[in-house]
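Peer 1: Protein chains in written order, with our numbering: chain R, 1 to 339; chain A, 1 to 350; chain G, 1 to 318.
Since the hints were derived computationally from the structure, they do not count as laboratory data.
Owing to the predicted nature of the structure, the values given are computational and were not obtained by experimental measurement.
Check before you lean on any hint, since a few could be wrong.
Unchecked claim - Pairwise CB distance ranges, derived in the manner of DEER restraints: (1) R:Ile274 to A:Gly319: 48 to 58 Å; (2) G:Arg228 to A:Lys133: 19 to 29 Å; (3) A:Pro284 to R:Pro148: 17 to 27 Å.
Stated by the list, open to error - Away from chain R, derived, C-beta distances all over 12 Å, residues of chain A: (4) Val28; (5) Lys40; (6) Glu49; (7) Gly80; (8) Gly129; (9) Phe250.
Quick reminder that beta carbons are idealized off the backbone N, C-alpha and C, glycines included.
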Amino acid sequence: MQKQKELLKVTDLKQYFPIKGGILGRTVNHVKAVDGVSFTVYEGETLSIVGESGCGKSTTGRAILRLDEPTSGEVEFDGKNLLAYNKKEMNKIRKNMQIIFQDPYASINPRHTVRQILTEAMEIQNSVPKNERNDRVIELMETVGLGPHQADRLPHEFSGGQRQRIGIARALSVDPQLIIADEAVSALDVSIQAQVINLLKKLQREFKLTYLFISHDLGVVRHISDRIIVMYLGKIVEIADKKSLFENTMHPYTTALLSAIPSTDVEKKKERIILKGDVPSPIDPPKGCRFHTRCPFATDLCRTETPELRTADGMLEGHMAACHYMEDIKAGKHQPTTV
Amino acid sequence: MTSAPNSYENILELNDLQTSFFTKDLEVKAVDGVSFAIPKGKILGVVGESGSGKSITSLSILRLLKEPGKIVGGEIKFKGENLLDKSEANMRKIRGNEISMIFQEPMTSLNPTFTVGQQISEAYKIHQGLNKKQAKQRSVDMLKLVGIPSPEKRVNQYPHELSGGMRQRVMIAMALACNPELLIADEPTTALDVTIQAQILDLIKDLQERLGMGVLLITHDLGVVAETCDYVAVMYCGKVVEYTDTKTLFKDAKHPYTVGLMKSIPQHDQDIEGDLAVIRGSVPSPAEMPKGCRFAPRCPFATELCREKLPDLVTDEEGNQIRCWIYSDEWDGDPEVNVHAETERTTESY
Amino acid sequence: MFKFIIRRIIQTIPVLIGVSILVFSMMHLVPGDPAQIMAGESAPKEQVENIRERLGLNDPLPVQYFNYVKDAVQGDLGNSMRSGRDVTTEIGARFWVTLELAIYSTVLAVFVGLIVGVISATKRYSFADTSLMIIALFGLSMPNFWLGLMLIQWFAIGIDLPSWVPFINDTSWFKPSGWGSFAQVVLPVVTLGTASAAIIARMTRSSMLDVIDQDYIRTARAKGVKERVVIYRHALKNALIPVVTVVGLQFGGLLGGAVLTESVFAVNGMGKLIIDSIRARDFPVVQGTILVVALLFIFVNLAVDITYRYLNKRIDLD
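With the hints as extra help, turn the sequences into a complete structure.
Peer 2: As structure tokens, this is what we get:
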């Protein structure tokens with residue numbers, strides 16, 4: 001793999017949300033939504049973060065953009081430390097990093113026409129001269145597959161898929177380098193979802209975009225990503241290039257997650273691993289490995305010692321997982337401890 | 001099941017069911033002549049995207065539609081008797097007793113002001129006339145059956161004290177309380193995470209086998225259908241376009257919509273080179289419903305015939321049903337058309 | 001729950017301090033010298049000075065406030081300047097009259113408001129719904145002193161109507177003034193309760209409409225629950241949650257409304273006491289009455305909060 005430019009580097013990112021309580025409304029505890037997450041996004045790639053609700057994937061995206069101020073850690077974008085920026089500088093840099101949300105309708109002003117929505121971002125960033133903005137709007141709409149005649153319509157006149165195209169056009173309007181897509185296709189019907197995924201891939205080719213793609217859908221993630229991060233309860237459990245993750249799965253959680261997804265392949269009878277119980281609360285996450293309460297392979301070591309992300313023998317460079325027993329499980333030497 | 005008045009093979013049979021929503025100057029035909037059957041003790045999956053009418057169909061069966069929705073025609077035969085002929089009082093005796101229903105949103109489907117126990121007990125009190133104490137005991141048993149740990153404690157808790165997966169288990173416990181012969185599950189796992197979805201689907205399948213009930217599973221997820229259902233009905237714009245057993249559907253889907261749907265879903269267990277196959281355009285709005293085949297405007301194979309005339313749902317000798325001109329003698333397009341291969345090449349969405 | 005009540009009670013302390021400061025400073029915010037006002041405009045200087053000394057007005061303000069609170073806590077709110085009796089006694093009996101009036105009105109308003117609201121919501125857009133909501137709008141917009149006068153005119157004094165109009169011509173049912181007997185209580189209670197009933201009805205209607213569309217109502221129906229039970233057991237309990245807040249606020253409003261109502265019906269309650277005292281510039285009584293009303297208001301809000309918590313299980317009790 002050739003050495004690529006690091007566009008976004010996240011180091012030991014933590015996001016704790018305080019819980020108020022007691023007679024005086026003091027902070028009594030924290031929701032540890034993201035608890036020490038580090039990764040790098042290279043220019044031009046699609047890095048996905050997958051995980052179930054409450055794993056911290058969306059919080060990570062929001063913390064990077066400082067939509068919620070992170071508790072600690074470092075976020076470097078293009079070599080610059082974002083957390084050191086003041087509000088004004090931050091707004092300026094946001095031109096280079098845009099976000100697309102799950103529900104496009106909730107993130108756009110319902111009383112603004114498409115034209116207004118698209119020019120607004122250009123105005124704020126002052127990235128396009130005034131007299132060129134109209135042409136730019138038409139160009140953007142054509143880019144995302146909307147007709148120029150629709151420029152003066154209101155968001156409610158569009159279908160869900162078209163609204164997501166508006167959201168994408170708005171993100172593109174300021175020529176960003178990085179787009180964070182937070183469950184951007186999750187709310188769409190499958191036939192529309194495919195259209196939007198194809199569009200995102202096309203835009204990436206055309207504009208050399210970098211994606212941080214946050215999703216719970218491993219099918220979509222497999223199709224769109226170069227590399228994938230799997231999160232569980234605020235921590236990364238596995239990070240790998242796509243091929244390694246799906247074909248050389250190391251972490252028992254990733255294995256369980258993959259096996260839980262219903263497959264349309266009716267011929268292949270696969271072995272299902274059904275995890276017991278629910279994801280524990282991020283307020284008091286389990287000690288040691290956070291997955292030990294549901295992991296079929298857990299031992300006392302897992303209950304006391306937090307495993308670090310590491311590359312074991314037989315794993316490609318850049319493939320890391322956080323499990324004490326991953327080699328032994330893989331080799332069949334470590335059997336499930338619970339039935 | 002000792003003294004059924006009629007003999008019947010199918011626990012549920014819909015014949016040409018029509019449900020419409022009436023606005024001031026428009027009749028929206030949400031369910032437009034739907035027919036399918038669920039054999040006793042089998043699971044039928046109904047798949048379709050939003051606007052296909054699948055959820056309205058399920059609500060119509062229990063006659064739970066709200067204004068301005070109205071069943072305007074057809075038959076709903078449950079154990080051989082037409083539910084549309086029943087009085088409201090008789091319907092109430094069937095709801096939650098012989099036919100139960102679970103819904104998509106476990107978060108909002110339970111009443112926040114009553115305990116889990118109170119809500120399950122209610123079914124026992126209404127349909128079996130049990131007293132408070134008996135009903136509560138049965139509720140605890142039921143919670144145990146659906147795999148809720150420490151049910152004696154959970155029975156006194158309120159819904160907000162439970163996780164989403166737990167709440168859906170409570171919904172299932174409530175639905176199965178009176179041993180229904182038919183369970184309607186409307187997107188029961190859509191709001192849940194995959195690992196929890198696996199638990200819930202497993203539970204529904206297990207209970208279905210043990211209790212021998214029929215299940216109508218409404219979903220948009222073809223994977224869920226493949227793993228749980230015996231039969232599948234694919235709906236599009238208020239009509240069934242294809243009905244077959246699950247194996248056949250996933251091996252040899254016939255309708256261009258079904259094929260398009262399957263090819264457009266990225267799978268976690270296989271790589272797709274290049275772009276995904278897509279279905280062009282979007283679902284037509286009720287006001288501009290095409291007069292021919294509802295799918296014609298989006299169908300890569302549509303001909304003049306498709307655009308002009310609505311095809312019938314035709315049953316072949318194996319009992320599979322298809323609503324498409326391609327498989328009829330009247331087909332005026334390429335006689336050698338290969339739906340699967342052609343669909344793969346449709347990647348441009350506009 | 002117990003912990004919550006304790007916390008809620010502790011939280012009222014700053015409110016109490018605020019109220020006492022406000023009431024206390026009233027004396028000092030009035031233009032001119034209170035001692036002079038008390039003594040009368042033409043009183044000699046020594047007399048004013050005397051009053052000043054007697055009331056402790058020469059002390060620094062914090063000391064005055066401290067003394068005021070100390071006395072108030074012991075139930076000593078000073079003496080009325082009109083009657084000379086102590087304020088606590090002056091308020092005493094009248095307090096219960098006003099409380100009765102407010103409670104009866106609230107009960108009436110809640111009873112009528114809930115029934116009307118539920119009927120309106122379950123028969124949305126029907127003739128009954130529309131008419132009830134129009135009536136409610138009238139009830140809401142009508143000033144209560146005017147309503148009071150009309151009620152007296154129609155039901156207690158009588159107007160010239162053809163003899164076949166029932167009821168109204170028989171004026172012996174209700175009395176236009178005083179307090180105590182049923183005949184005296186009905187008209188003021190109706191006068192005071194009407195606006196609240198209208199507000200509660202509208203609130204209940206919208207809250208019910210909201211709840212009726214919830215998924216859990218559909219769940220109840222799918223269980224085979226009778227429609228009546230769905231409405232009154234499953235829906236109403238949830239719909240009450242916002243209504244309770246409104247009832248609490250209304251009760252506070254009723255205490256204010258009582259001032260006018262008591263005047264119209266010559267009911268000897270705190271409202272009338274306030275008016276009379278303000279007219280007579282009887283400051284200690286005005287102060288005392290306001291303090292008592294404020295305390296009552298705080299107490300009612302506390303009760304409302306607790307009820308709210310009881311109904312709304314979703315709020316974590318600790």
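Peer 1: Does each hint hold? Answer for all of them.
Peer 2: How the hints compare with the structure:
Here the CB-CB span from Ile274 of chain R to Gly319 of chain A is close to 33 Å, at odds with the stated 48 to 58 Å. Under the hint 19 to 29 Å, the C-beta atoms of Arg228 of chain G and Lys133 of chain A, about 25 Å apart, fit the expected range. Under the hint 17 to 27 Å, the C-beta atoms of Pro284 of chain A and Pro148 of chain R, about 23 Å apart, fit the expected range. Listed as outside the interface, Val28 of chain A is consistent with that label: its C-beta sits roughly 16 Å from the nearest C-beta of chain R, beyond the 12 Å cut-off.
Look at Lys40 of chain A: its CB is around 23 Å from the nearest CB on chain R, clear of 12 Å, so calling it non-interface holds up. The claim that Glu49 of chain A lies off the interface is violated: its Cβ sits roughly 4 Å from the closest Cβ of chain R, which falls inside the 12 Å cut-off. The beta carbon of Gly80 of chain A sits about 32 Å from the closest Cβ of chain R, which is more than 12 Å, so the claim that it is off the interface holds. Distance check for Gly129 of chain A against chain R: the nearest CB is about 35 Å away, which clears 12 Å, and the non-interface claim stands.
With a least beta-carbon separation of about 4 Å from chain R, Phe250 of chain A fails to lie farther than 12 Å from that chain, contradicting its non-interface assignment.
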